[in-house]
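Start from chain A and add chain B according to the hints.
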Amino acid sequence: MAIKTAICSMIAACWRVFARPSVHYSLGFLTLGGFIAGVLFWGGFNTALEATNTEAFCISCHEMRDNPYEELKQTIHFTNRSGVRASCPDCHVPHQWTDKIARKMQASKEVWGKIFRTIDTREKFLDKRRELAGHEWDRLKANNSLECRNCHSAESMDITKQTPRAAKLHETFLFTGEKTCIDCHKGIAHRLPDMTGVEPGWTASAIK
Amino acid sequence: MKRILFAALVLAAAVPALVTGVVAADGQPGPRVSSGPHPITLDVPAEVTNREIVDDVKRVRNYADQPPLIPHAIRDYQIDLNINKCLTCHDRRNTEGSQAPMVSVTHFQDRDGQTLGTVSPRRYFCTQCHVPQTDAKPIVGNRFRDFDAVLGAGPAKEGAK
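Chains as they are written, first to last, in the numbering used here: chain A, 137 to 344; chain B, 126 to 286.
Here chain A stands alone, though its shape is the one from the complex (with noise of 0.2 Å):
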């Protein structure tokens, strides 16, 4: 009983700071208090977005694990002399706050796809990959592939270090900006889709 009374006097001790704080508290400390909470919120909303940006997430569904996942393993980016390892989010999830979010909000779309099953078989992905690999080099063209630079950057190439038929293609149409990575370089961690049509970054130009 006597713990009942206790208890509730101090909820009510807790009510009246709350709907009246500024008698109580100086307004220095709530302003600090509120910067903390928000803080803290903000660091939430942060961590469980981390969570979901990691291959194991990726993976988790079936469409992403049979796919992608398995092409990855066969590529430069799974294994290689320098031992770097590139996930999923490396490459497809911007690591800057405002691009995380847009690409979030995209991403709600992947998982109306898996509710409605657009790519649940291997034969109905391959008939959808072309859509979805244009999705992905229409934004790698417009972020300057943003997540390449990540890990490659021009500026640290040492174009004397590569071999004759790169330097020569990064010099005239890399490092005057004329063309971006997933130009040139598409298809480096997955099978390629249906490519007619779709003109390699050194001939774009050339052609016109």
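The hints are simulated quantities; they were obtained by calculation from the structure and are not laboratory data. Do not take every clue at face value.
Unchecked claim - Dumping the calculated SDA-like pairs for lysine to any residue here, alpha-carbon to alpha-carbon at most 20 Å:
#1 K304(A) to E221(B)
#2 K210(B) to A302(A)
#3 K183(B) to R301(A)
#4 K210(B) to L305(A)
#5 K183(B) to T299(A)
#6 K183(B) to C254(B)
#7 K250(A) to T188(A)
#8 K183(B) to I195(B)
#9 K297(A) to E177(B)
#10 K260(A) to L206(B)
#11 K210(B) to T243(B)
#12 K262(B) to T174(B)
Said to hold, decoys possible - For the chain B half of the interface with chain A, some residues (derived, Cβ under 7 Å), not all of them:
#13 V179
#14 D201
#15 Q203
#16 G222
C-beta: ideal position from N, C-alpha, C; glycine also.
Below, chain B without anything else, positioned relative to chain A:
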């Protein structure tokens, strides 16, 4: 009597197995795999892998119609119904941008010698004929001499380069 006969039969049946068993344990000739000198029952360490030669330097052709060797990397280059990565550089319309040598006219000809507008289907799978090289040493010797050497016109050359 019956028992002795049975025992003799069992022994006779076991002899070949015993012999091969002993032989295999000795590392003596047993069943062989065509790719190696050792019996298939023996564990041998894997051979070292060799490095690809990707220096972009064209190699000499040993005879006029040899498919030239590929002097560059082709890892993950896709050649299938969807895309032929090689042709994105070597096809007629792409060479200006890529500065790669164009596939020669023989690649446009069908088996009747007709020159087609695009690369002929029988030349579509490039790596059927063109291969990259590694720095591996030849497994067996080779006494090939090229045309000039046979005529005595050029320097004698042992083995394909």
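Evaluated hints:
no.: 1; hint: K304(A) to E221(B); verdict: 13 Å, holds
no.: 2; hint: K210(B) to A302(A); verdict: 15 Å, holds
no.: 3; hint: K183(B) to R301(A); verdict: 12 Å, holds
no.: 4; hint: K210(B) to L305(A); verdict: 16 Å, holds
no.: 5; hint: K183(B) to T299(A); verdict: 13 Å, holds
no.: 6; hint: K183(B) to C254(B); verdict: 16 Å, holds
no.: 7; hint: K250(A) to T188(A); verdict: 16 Å, holds
no.: 8; hint: K183(B) to I195(B); verdict: 8 Å, holds
no.: 9; hint: K297(A) to E177(B); verdict: 16 Å, holds
no.: 10; hint: K260(A) to L206(B); verdict: 17 Å, holds
no.: 11; hint: K210(B) to T243(B); verdict: 15 Å, holds
no.: 12; hint: K262(B) to T174(B); verdict: 11 Å, holds
no.: 13; hint: V179; verdict: 6 Å, holds
no.: 14; hint: D201; verdict: 6 Å, holds
no.: 15; hint: Q203; verdict: 6 Å, holds
no.: 16; hint: G222; verdict: 4 Å, holds
The structure meets every hint from the earlier list without exception.
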